[in-house]
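As given, the protein sequences belong to chains A and B, one line each in that order. Sequential numbering from 19 applies to the first sequence in the numbering used here. Sequential numbering from 1180 applies to the second sequence in the numbering used here.
Honestly, the hints are just simulated from the structure, not real lab data. Each hint should be verified, as a subset may be incorrect.
As the list claims (entries may be wrong) - When the alpha-carbon atoms are kept at most 27 Å apart in a straight line, the in silico DSS-like pairs for lysine-lysine are as follows: (1) B:1298 with B:1285; (2) B:1388 with B:1285; (3) B:1256 with A:36; (4) A:65 with B:1285.
Claimed, not checked - Computed far set for chain B versus chain A, every beta-carbon distance over 12 Å: (5) 1215; (6) 1245; (7) 1268; (8) 1284; (9) 1287; (10) 1293; (11) 1344; (12) 1385.
Unchecked claim - Okay, the calculated bits of chain A under chain B, using three or more residues with CB under 8 Å as the criterion: (13) 83–90; (14) 254–260.
All values reported here derive from a predicted model rather than from experimental measurement. All residues carry an ideal CB built from backbone N, CA and C; glycine is no exception.
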Amino acid sequence: MSVARSHRRATDDPAWTKAVIIGVVMLFLALVLVLPLVAVFVEALRKGAGAALAAITNPDALAAVKLTLLTAVIAVPFNAVFGLCAAWAIAKHDFPGKAFLITLIDLPFSVSPVVAGLIYVLVFGLQGWFGEWLLDHDLKIIFAVPGIVLATIFVTFPFVARELIPLMQEQGTSEEEAAVSMGAGGLTTFWRVTAPNVRWGLLYGVLLCNARAMGEFGAVSVVSGHIRGLTNTMPLHVEILYNEYDFVGAFAVAALLCLLAVVTLVLKTALEVAQPGVRGRGGH
Amino acid sequence: MGVTLTILSLIVLIPLTAVALKAAHQSPEAFWAAAFNDRSLAAYRLTFGAAFVAAAVNGVFGVLTAWALVRYEFPGKTIVNALVDLPFALPTAVAGIALATLYAPKGWVGQFLTPLGIKAAYNPIGVVIALTFIGLPFVVRTIEPVLRDAAEDVEEAAASLGADRLQTIARVVLPALAPAWLTGFAMAFARGVGEYGSVIFIAGNMPYKSEIAPLLIIIQLEQFEYERAATIAVVMLAVSFTMLLVINAIQVWSRRFD
């Protein structure tokens, strides 16, 4: 087909344009994305693997890892359940003010993490609404683990809901109607029909939610109080080590967080390849 | 439905009103003084200015990236595609210390900038660099689906009517992308305005010069100036809500073309 070969399609760019665009994009991404990632591992290993390993296995670092895992273990399932409820209510039912409700659920994405932390200080802090009551009952939320969990829930609030709302809207209500007409109750319909239909979208949302929950810095920094070994999450521990000029330590813990990011991206890509339907919904 | 509203109110809405109430807990003069003194004005200028420049940089490179991902085949495309989301997956503090180290005067990149008289880290330029990192996926991921759905036959029609490639791009492709581009720009800008973790390590945080507005909130909090902290937060929330409305308006406006 020599004719076809000599006439490229009108929508194909000339080879040199392609080369220039791909080159520019690769250069830009290498500079902005790849270089920082590489820098973390190089700096972490600057004094050898032993020093990096010592920084990670230090008791304060281990406490930070534990707290980060604990926070994610509470915040992610909470937001997954909320996301399922919210998406189900919004996508499968009709009511006035729906668009407004979706905007409200999205709100935490447009609020600065620092403000997210501040609002809980103003509610639960010593000077806050419930400050005295909490003090009287010997309960601590701010500068303690509950505050960290709350702030994390706030910043990761929309992830799952955002993923599931468009997915459920697309699937419509016909399958649910069929289930109900055959005598299934509301809960049975939800667990047997609605939930299985959105499981990949749910997983996708949970993946992104988890990455953010484990990596959140600003909001957690405001409510944590930075008590070593007690209220320091991994990102906060990175900050403390960095500010103490313990660069190997800071980058070693940062490298762990990088691994989390890489694993998240690999799983996310695998999910997108296996289930093309879940791709590119969130946007956040 | 009830569960959704209850949780939404408890976690998001009611705590948010605490900021407004706290800020209103002072005289209008005190509010004005806390919101718009020289130091906070300098912080807003830097925050909004740097977020705008970073969103603009991403506006250019984001379109090119989305274009390459949708229209071209090249080796390593899957990896590049996954990598674009790195800023979503990488904790901001990690990005912050990595960028600060790279762009410090003796860092890998900084050492080449110093002879040129460019001070990137510990300077407003550093803020722009951090926000560029944070904002990139917003632009790429909003443009990508639109570009994918855009009918190539319209471009073919333009070409068959005698338009050269540049005319087709300028008159047919870019106008169709405009709403998505604006949305991505606005999202990157909004995220940049609120960003804290990646910025504070590279900014240097000098008052009047390289201090961002979210940091100002933290500083007021550390001095137990809760009203003042809430005041700056109210200003930032006002901007966030405006951005949210703008993004929604762009979405509504873009649907006219459907």
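Please work out if residue 65 of chain A and residue 1285 of chain B have their alpha carbons no farther apart than 27 Å.
Distance ~18 Å between residue 65 of chain A and residue 1285 of chain B Cα, so the pair holds.
Minimum C-beta separation from residue 1268 of chain B to chain A exceeding 12 Å: can you confirm that?
violated (4 Å)
Would the non-interface assignment of residue 1245 of chain B survive a Cβ cutoff of 12 Å against chain A?
violated (9 Å)
Hey, does residue 1284 of chain B actually stay past 12 Å from chain A on C-beta?
holds (15 Å)
For residue 1344 of chain B, is the shortest CB-to-CB distance to chain A above 12 Å, so the non-interface label stands?
With a cut-off of 12 Å, residue 1344 of chain B comes too close to chain A, as the shortest Cβ separation is near 7 Å.
Separation of residue 1293 of chain B from chain A, once the least beta-carbon distance is taken, above 12 Å
holds (17 Å)
Closest CB of chain A to the CB of residue 1215 of chain B still more than 12 Å away:
Non-interface label stands for residue 1215 of chain B: nearest chain A Cβ at 18 Å, farther than 12 Å.
According to the definition I'm using, a residue is off the interface if its beta carbon is farther than 12 Å from all beta carbons of the partner; does residue 1287 of chain B meet that for chain A?
violated (7 Å)
Count the residues of the stretch 254–260 of chain A whose CB lies closer than 8 Å to any CB of chain B, then report whether that count reaches three.
holds (count 4)
Decide if the proposed pair is consistent with the structure: residue 1298 of chain B and residue 1285 of chain B, CA atoms, cutoff 27 Å inclusive.
holds (11 Å)
Pair hint residue 1256 of chain B and residue 36 of chain A, alpha-carbon separation not exceeding 27 Å:
Holds, because 14 Å separates the two Cα atoms, which is no more than 27 Å.
Holds or violated: are the alpha carbons of residue 1388 of chain B and residue 1285 of chain B at most 27 Å from each other?
holds (22 Å)
In terms of the numbered hints stated before, the structure departs from hints 6, 7, 9, 11 and 13, listed from lowest to highest.
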